[in-house]
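Turn these sequences into a full structure, and let the hints steer you where they fit.
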Amino acid sequence: MELKEFFENFAEVMDLDDANSLSENTEFKELEEWSSLSALGLMAMIDEQYGVSLTAADIRGSKTIGDIIEKIKSHSNE
Amino acid sequence: MSNPFSLVDKTILVTGASSGIGKATAIECSKMGAKMVITGRNELRLQETMQLLEGEGHQMIVADLTKEDDLNSIAEQCPLIEGLVNNAGSTIMVPTQFISREKLQQVLEVNTIAPILLTQIFVKKKKIAKGASIVFTDSISGVKIASPGNVLYSTSKSAIYGFVKNAALDLAGKKIRVNAVCPGMIDTHILDDVSVTSEDIEADVKKYPLKRYGKPEEVAYAIIYFLSDASAFTTGSSLVIDGGFTLQ
Ligand SMILES: NC(=O)c1ccc[n+]([C@@H]2O[C@H](COP(=O)([O-])OP(=O)(O)OC[C@H]3O[C@@H](n4cnc5c(N)ncnc54)[C@H](OP(=O)(O)O)[C@@H]3O)[C@@H](O)[C@H]2O)c1
Chain A
3 MELKEFFENF AEVMDLDDAN SLSENTEFKE LEEWSSLSAL GLMAMIDEQY GVSLTAADIR
63 GSKTIGDIIE KIKSHSNE
Chain B
-1 MSNPFSLVDK TILVTGASSG IGKATAIECS KMGAKMVITG RNELRLQETM QLLEGEGHQM
59 IVADLTKEDD LNSIAEQCPL IEGLVNNAGS TIMVPTQFIS REKLQQVLEV NTIAPILLTQ
119 IFVKKKKIAK GASIVFTDSI SGVKIASPGN VLYSTSKSAI YGFVKNAALD LAGKKIRVNA
179 VCPGMIDTHI LDDVSVTSED IEADVKKYPL KRYGKPEEVA YAIIYFLSDA SAFTTGSSLV
239 IDGGFTLQ
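Chain order of the listed sequences is A and B.
Counting in the numbering used here, the first sequence runs from 3 upward without gaps.
Counting in the numbering used here, the second sequence runs from -1 upward without gaps.
Derived by calculation from the structure, the hints in this document are not laboratory data.
Nothing false has been slipped in among the hints.
In silico DSS-like pairs for lysine-lysine, Cα to Cα no more than 25 Å straight-line: (1) B:K124 - B:K173; (2) B:K142 - B:K209; (3) B:K122 - B:K172; (4) B:K65 - B:K122; (5) B:K204 - A:K31; (6) B:K205 - A:K31.
Here's what the structure looks like:
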């Protein structure tokens, strides 16, 4: 997985102007733009781009963008 | 004692009777004296509803409403009916930019196309009696409100809002009435969707003036009103049942 591209996809879902502010350590739920729609968007984006179906529980159990990336990796190894 | 809400001598078909609102509707209608024909895909859960029906002479039909053959087969297996409850429905939650043709079709097939075609087939095949009542389980989602991720569902349900009014006009000549119930959130398996968290639900409940979600029976009672002769002069209407949610 290309990290830069993932941050761009993430920013797109969240309607963030600048993906450069994101890193693996970003606590995404603390972002002002985070909403229940972002969670749905994130799941749909990950499904579409990475072929992995995360659940709401996966999102809930993640604090940082790095946690999400870990979840995607572990699901794609299944 | 006479009861204007009685369903004695009426045969009523309920779709989506294996769960939630449809299950409660089937049970409550049977308590009002109706003969029920219940349908759904899941045979086991349909059987469970069957066992909870009061009275005798009920029938169950396992069918997938997205299959043309199944729609026809329901009409063939069904006796002449005095009531049709188009209740089956489902949802896929997705933000607008992630809509795909496949997801759009999936939601429209169950929520919009199937109930419209089932209605058409029953009228065309004269399987629905003069003076009968057709009730749709619509939603406040669509015509009344929008909410995050509900774009496909809202689209499918607002189409039903339009269909109910037009079909009511078209079928008035046959003395067939067409109405809808528009529930807000009701406590059913529809809430089991993986994309909804319990925190989301708790926060959402607080937005209801009556401070709770509805119960399936509370929708069923309104459906009974529309099915019964108590509503003989009511057609083309959509009754909101939402604990006051859309008042704000
Ligand atoms: N719960 C709410 O908050 C709420 C609010 C407003 C409106 N509604 C509407 O109320 C109706 C009933 O929903 P519910 O809350 O009772 O949901 P539910 O508990 O999930 O029940 C849905 C029913 O629809 C049936 N169904 C789904 N797809 C089908 C298909 N392809 N073919 C045949 N049957 C199918 C299911 O049967 P099988 O699983 O056996 O196939 C099940 O009996 C729906 O139209 C829904 O949109 C619900």
